[in-house]
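Trainee: Based on the hints, put chain W in the right spot on chain P.
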Amino acid sequence: MSTIATNIQRYATLNAEPLTRHIGAEISGINITQPLNDAQVKDLKQALADHQVIFFRDQPFDLEAQKNFGRYFGPLHIHPGAPSPEGHPEILRIHADENSKFVAGEGWHSDVSCDAEPPLGSILHLHTVPPHGGDTLFASMYAAYDALSDRFKQYLEGLTATHDGDHVYRGRYKSYGADDTGKTYPRSEHPVVRTHPVTGRKALFVNPGFTTHINGLPRQESAAILAYLYEHSTQPEFVVRFRWKQHSVAFWDNRCTQHLAVWDYRPAVRSGYRVTIQGEKPV
Amino acid sequence: MSKLNDFSPYTRFAVEAYTPNIGAVVHGLDLRQALDETTQAELRQALANHEVLFFRDQELTPAQQVAFTRSFGEVAEVKAFFPRLEDHPEIEIVESTAERPKAASNWHADITWREQPPLGTSLYAQVIPATGGDTLWASLTSAYASLPPAFQAYLETLTAVHTWEISGWTEYLLAKDASGEQLQAARAKYPPVEHPVVRTHPVTGKKVLYVNPTFTSHIKGLPRAQSDALLTQLFALAQVPEFQARLRWQPGTLAVWDNRSTQHYAVGDFFPQHRKLHRITITEAVAG
Chain P
1 MSTIATNIQR
11 YATLNAEPLT
21 RHIGAEISGI
31 NITQPLNDAQ
41 VKDLKQALAD
51 HQVIFFRDQP
61 FDLEAQKNFG
71 RYFGPLHIHP
81 GAPSPEGHPE
91 ILRIHADENS
101 KFVAGEGWHS
111 DVSCDAEPPL
121 GSILHLHTVP
131 PHGGDTLFAS
141 MYAAYDALSD
151 RFKQYLEGLT
161 ATHDGDHVYR
171 GRYKSYGADD
181 TGKTYPRSEH
191 PVVRTHPVTG
201 RKALFVNPGF
211 TTHINGLPRQ
221 ESAAILAYLY
231 EHSTQPEFVV
241 RFRWKQHSVA
251 FWDNRCTQHL
261 AVWDYRPAVR
271 SGYRVTIQGE
281 KPV
Chain W
284 MSKLNDFSPY
294 TRFAVEAYTP
304 NIGAVVHGLD
314 LRQALDETTQ
324 AELRQALANH
334 EVLFFRDQEL
344 TPAQQVAFTR
354 SFGEVAEVKA
364 FFPRLEDHPE
374 IEIVESTAER
384 PKAASNWHAD
394 ITWREQPPLG
404 TSLYAQVIPA
414 TGGDTLWASL
424 TSAYASLPPA
434 FQAYLETLTA
444 VHTWEISGWT
454 EYLLAKDASG
464 EQLQAARAKY
474 PPVEHPVVRT
484 HPVTGKKVLY
494 VNPTFTSHIK
504 GLPRAQSDAL
514 LTQLFALAQV
524 PEFQARLRWQ
534 PGTLAVWDNR
544 STQHYAVGDF
554 FPQHRKLHRI
564 TITEAVAG
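Respectively, the protein sequence lines represent chains P and W. Mapping the first sequence onto our numbering, position 226 (from 1) lands on 226, and the numbers just tick up by one. Heads up, our numbering is the position in the second sequence plus 283, with the first residue counted as 1.
Extracted from the complex, chain P is given alone in its bound form (with noise of 0.2 Å):
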């Protein structure tokens, strides 16, 4: 019979399953529907930082308690382009269904990085699954950061990136019955290498779903770089694929990932929602 080392790791008041070598983590042996103590808030955070996402299993949020698990962590964000239910600007619904045309996250990004100062991170409770299908995969920038050649690094080093949210969310919300003729959509620049505020570690700060260029390069030399960039940091050895049950919740620390909603279930309905920690300015 074959036989496995152990990786539960113990924080005083829960236990994390590492997924990979890299990024994510299960963690058992907490309610997170509930109002929870400075320790488990602490472990918490730990637990973030150390695996830069968390899962959780039976989390069966409503939007209070959802929105209240968010503020241990910091002031809500509020989108600045989505819609969101009546009475919770701070809440983002996640849906699809047969009528989709596309889903939210169907390609790698951090989440609105585009912002001055993009959020810190973000909690996603999915109250209806699909049978099958619609992971979310997660790829550590850190490790993407490490891998590269040193040469590379100093190259890398001083650079900062466009992120713009014109093209993403230009019309998008129109079917919602949003109307943005008018409204300007945050844009702003960051460091390609960021130093995350908690860990201090470095973590690359690009992503193709907001990063129009690199400032500074020509733009052969800046798309070309980007592409590199992209394919790198998505390798199966910096990412973890995350597999949704009814009340599963990701909590995502989007200074140091990025992550990409798999569509492959329609017409099956996957739908949940979203509840963004402000974040601060990169560096």
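Hint data in this document are derived by calculation from the structure and do not stem from the laboratory. All values derive from a computational prediction rather than experimental measurement. Be a bit skeptical, because a hint or two may be false.
To be verified - Chain P residues, not near chain W, derived (Cβ > 10 Å throughout): (1) Y11; (2) H95; (3) R172; (4) D179; (5) R201.
To be verified - To be clear about the criterion: a stretch of chain P counts as covered by chain W if any three or more of its residues have a C-beta under 8 Å from a C-beta of chain W, and this derived list gives those stretches: (6) 20 to 26; (7) 132 to 144.
Claimed, not checked - Sample of chain P residues at the chain W side, in silico, Cβ under 8 Å: (8) R241; (9) L260; (10) W263.
All residues carry an ideal CB built from backbone N, CA and C; glycine is no exception.
Mentor: Chain W in isolation, oriented as in the chain P frame:
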């Protein structure tokens, strides 16, 4: 675009889709038992339909793994690539240690540099690292199906050349024998082969995109730049997450994949932990 409802139900076991496009977990079989002919035939069909099959919680001796694998075809006594298990020459040992870390972290279909590549492989976990060491499979059936019809029709006119020479073996043989004699002998014994870019699966009749970045060097009849650009585009289809299954190994897990319609990739994120699996290659199908 789920393929779930496309198949006749199986009578000897239950099948649970792993993703909508590729992979299935087979429930209800104890692989230590001899399987009757109907079960074996249904397994062969399931392998073709789902492209990679997973069996959980199986406790098999090497002899039992060999006997089970014979359900799918002839079991090859392989000669070259991996060390063989003593007393069971059909079993190759895929092992990575702290002293010799390795993983096939490159997308490939096995041995497409031969006229008749293997039908498939059964891979059975022996030692699993605490984290890391997942395996990914990509469905080249789904990849083909995702293309526009006019492009599919164009691809069906093309032939590609496959060779081991672009996969690093040339450097390896020269390192072993700087005189070049071993390299020349290998070239003489295994010259490049041609395969159509689109193959038809012999069991399902479905079309399969049949190029892989490890062994496919170029497309015949195209200027090199065009061939490179087209192959880059086709290779990228194996990277589409919708067409992939990613397995996290557990004790007792056995995987069987269809080498006629998939490519695979071993995630090399677990070094220097110990990892060991037993691998058996399946060659031609059982007659009838």
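Trainee: Decide, hint by hint, whether the structure agrees.
Mentor: Okay, the hints, checked on the actual structure:
| no. | hint | verdict |
| --- | --- | --- |
| 1 | Y11 | 17 Å, holds |
| 2 | H95 | 18 Å, holds |
| 3 | R172 | 21 Å, holds |
| 4 | D179 | 32 Å, holds |
| 5 | R201 | 17 Å, holds |
| 6 | 20 to 26 | holds (count 3) |
| 7 | 132 to 144 | holds (count 4) |
| 8 | R241 | 5 Å, holds |
| 9 | L260 | 7 Å, holds |
| 10 | W263 | 7 Å, holds |
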